[in-house]
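Peer 1: Chain by chain, the residues run as shown.
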Amino acid sequence: MSWFKMLARNKLALIGLIIVILLVLSAIFAPLLAPHSPSEQRLEQALLLPSMEFPFGTDDLGRCIFSRIIFGARLSLLIGITVTAICAVTGVFIGMLAGFYGGIVDEVIMRLVDIFLAFPGLILALIIAGLMGPGMFNVMFALALVGWMGYARVVRGTVLAEKQKEFVETARALGATDLYLMYRHLLPNVMAPIIVMASVGIGHTILAAAGLSFLGVGVQPPTPVWGLMLKDGKGFLQTAPHLTIFPGLAIMVTVLAFNFLGDGLRDLLDPRLKEKRIE
Amino acid sequence: MSLLSIRNLTTVFHAKEGEIRACNNIDLDIAVGKSVGIIGETGCGKSVLGMSILRLLPRNVTTSGEIWYKNQNLLTLTANQLEKIRGTEIALLPQSPSTSLNPVIKTGLQITEGLQIHRKMKPSTARRQALEMLRILHLPVPEKKYQEYPHQMSGGMKQRILAAISITGQPSLLIADEPTKGLDAVLRAQVVELLQQLIRETGASLLLITHDLKVAARLCDEIGVMYAGEVIERGPAQKVLTEPEHHYTKGLLASLPDMGLCPIPGSSPSLLNQTTGCKFYPRCSARQEACRINPVPLQMCNGCYVRCLYSA
Amino acid sequence: MFKYLARRLALLIVVVLGVTLMTFSLMHLAPGDPAEMIAMARYGLDNLTVEDIEQIRVEESLDSPVSVQYLCWLRHTLHGDFGCSLITGDPVMEEILTRAPATFKLALAALLISMLIGIPAGIIAAARQSSIFDYLAMTGALLAASVPNFWLGLLLILLFSLTLGWLPVFGYGGLRCIILPALTLGAGLAAITTRLTRSSMLEVLQQDYITTARSKGLPEARVMYNHALKNAFIPLITVIGLQLGHLLEGTVIVESIFAWPGLGKLLVDSIFARDFSMIQGCVLFFGVVFVLVNLLVDIIYMYLDPRIRFEREF
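Going down the list, the protein sequences come from chains A, B and C. Each residue of the first sequence is one higher than the one before, starting from 1 at the first, in this note's numbering. Each residue of the second sequence is one higher than the one before, starting from 1001 at the first, in this note's numbering. Each residue of the third sequence is one higher than the one before, starting from 2001 at the first, in this note's numbering.
Derived from the structure by calculation, the hints contain no laboratory data. You may find that some hints are simply not true.
Said to hold, decoys possible - Cβ-Cβ distance ranges computed for the label pairs, FRET-style:
#, chain 1, residue 1, chain 2, residue 2, range
1, B, Lys1122, C, Phe2002, 17 to 25 angstroms
2, C, Leu2202, A, Arg42, 55 to 63 angstroms
3, C, Pro2091, A, Phe29, 55 to 63 angstroms
4, A, Lys11, B, Leu1077, 39 to 47 angstroms
5, A, Ile15, B, Cys1262, 56 to 64 angstroms
6, C, Phe2002, A, Ala85, 37 to 45 angstroms
Just so it is clear, CB atoms sit at the ideal spot from N, CA and C, and this is done for glycine as well.
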């Protein structure tokens, strides 16, 4: 548990970790925690201000905003974690291939990365998800397609540096196969930066997914999604601003928590960066 | 007559680990037209002494004591008054020429900007003066070098540019901070010559901070030896470098290659959490019990000031 | 230098080809009959007839294979013919060129705002490290970097338009209209600029040449602005350049919030309307602008850092 102690020393990282844990718990136990059904419409209690019964008030269809935000955490985390995991795994795999084999493989892969980086990712995701039509899967596919390049770059760089080291030659001389080398020697070396990137990446993905929902692309109503709640609240900005304020706050707190966690992990896992900071 | 008188100068760095006394109760005088050398090992606080005079240290540093220059105490001057001293009255020849020039400003401007500000010189006049200076310093094709950026020059040229920067303001005192650090023998000889030329041309006093005893011997009239933030011996260069009184200075001389290459046992003490007694006590071959606890004053002994209870 | 430009242009061509090809394939792989959707958009759901749909399918050559359609589009594009909107029938390029100034205005205003906030805030934070101002600036930057821009936009409207009544909710033209959208778009970049200016200045201020500059008796302002800032700008420009792409991305959302008549809104509307030729036009335009902006940033970078400038020249 020593890493936990180190993380705890960084106050912001600890706050981030606590918020992330709370989010995950509320996503898992949403049915138990939510005071009301997230989808039950009762028009006679529409647009109520926050009260004891409805901590964040109700929306235009009389649904409890607090409950919808708790259920919304499910989808946000699901999208954020799944997409980031796909991106990280794809990126590690592709970056490893490029760095390990070099030559033409590296050239082709890195040009592909250049091409993907040369077009604004969110716009690409918007076009893909928008054209593929509504649905959570389409959003996830679109976000994954534009999110793997950073991981590939970092992994390639690390592998290129590690490959030069003696232990790789020694292992090879002892008859290690490429796969064994990559798995046992190179993968552990890229894990630290990847974990840091992924932690921040989950926040970014949640933000991007919410942005797409806000534009009306992706998951469709009546599913409780933060971005969609904001989009619906937009029309009631003047009369019932709580429809807008609370879902946005949920997104911001989540993104902030993953950023804090990522910063803390960076200090923890990447001693090189840490030294630089102390200087 | 003294140009610069330092009295009780104490410079403290406030670090996370505690207070670091880089300079401790230093007294020093530099007479008009004379050269004073400060020698000592790396980390003894000699560079900090030079930086303290011009108040060029970071913000987490407090400096106490007095530094009198032409009837002004430099430590009490406002930022504005200090700017008028820097460069034109007291100039600095910094160490490491490779990092001391701004990489994105043409060398010519780096030489003349001080003149343009302090002497209200027109750019053309300043340029003429700077070119003249570069010619005196034997910089090849000065007109061309004037237009170039630092990365286009060799280390020796950069050194000359820095020398030009330091003397274009015609200062009365030049502080040279480790000018020969990390240089090979040929370049070192060139720098010594350059410094000799500088003080000859300008008549300025020189405060030479160096770990190189030979360079100090060539250039200085007087020598101060620093150890762990204190001046432990001070006197005429000839005397200090041939018949020193302090055991540390003796050890330092004995460790020179042509004196037998015989190092002082142990290592310099940390400047953190200092003891009250003699700083050299743990390494001294002639130590007594009294050296450990009692503060040691700087006292006159055979024409030198020495900070040792049992010298000679 | 020439080689470098050639490489960049080659990348530009590949990018545009790749992205348009992908968009093209997606449009045809996506569920739903494109001809039917276009007919729906043109004539409305009630007046829809099978004949109309078939006519559109033939007119827009939607009946031929995707590859043929793509090559056909490519040939027209290379001849400078970008086609007409499938919905309104207006020429695509004309529409894009009418909309582009609004987006550029917005992006430039956002860039300007983020520089005007970020650079001074970063310099002051660095000059007074660990002061109250430093902490305030860093906290502000942290919040601004994490706030979703679509939410920030709504909050700004709520505060400045609906509550205080100082600025219009939406609209185009005039300085008052652009303030809120530009602030929304530029907030994230302002945060990044503040942080980076600060860290870059702190790093530069420790360099030996700053001591040299001070030892010459230069006023602190000159040390800061001429000697330190000029060096601190080099990494700053690179990162800001890389962030310009994000600024372009942001226009899609910000223009939708503020009903700003630019390319971002055009793209979103076209996607929902399935106006294929308009989407293709926007993609082409965004791709070209994006690559050119990055190229421009590289050139500025070279100009700022004489070390790189000379390396490339020789």
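Peer 1: Hint by hint, note whether the structure agrees.
Peer 2: Against the structure, the hints come out as follows:
no.: 1; hint: Lys1122(B) to Phe2002(C): 17 to 25 angstroms; verdict: violated (41 angstroms)
no.: 2; hint: Leu2202(C) to Arg42(A): 55 to 63 angstroms; verdict: holds (56 angstroms)
no.: 3; hint: Pro2091(C) to Phe29(A): 55 to 63 angstroms; verdict: holds (56 angstroms)
no.: 4; hint: Lys11(A) to Leu1077(B): 39 to 47 angstroms; verdict: holds (41 angstroms)
no.: 5; hint: Ile15(A) to Cys1262(B): 56 to 64 angstroms; verdict: holds (59 angstroms)
no.: 6; hint: Phe2002(C) to Ala85(A): 37 to 45 angstroms; verdict: holds (44 angstroms)
Checked against the numbered hints above, the structure breaks only hint 1 and satisfies the rest.
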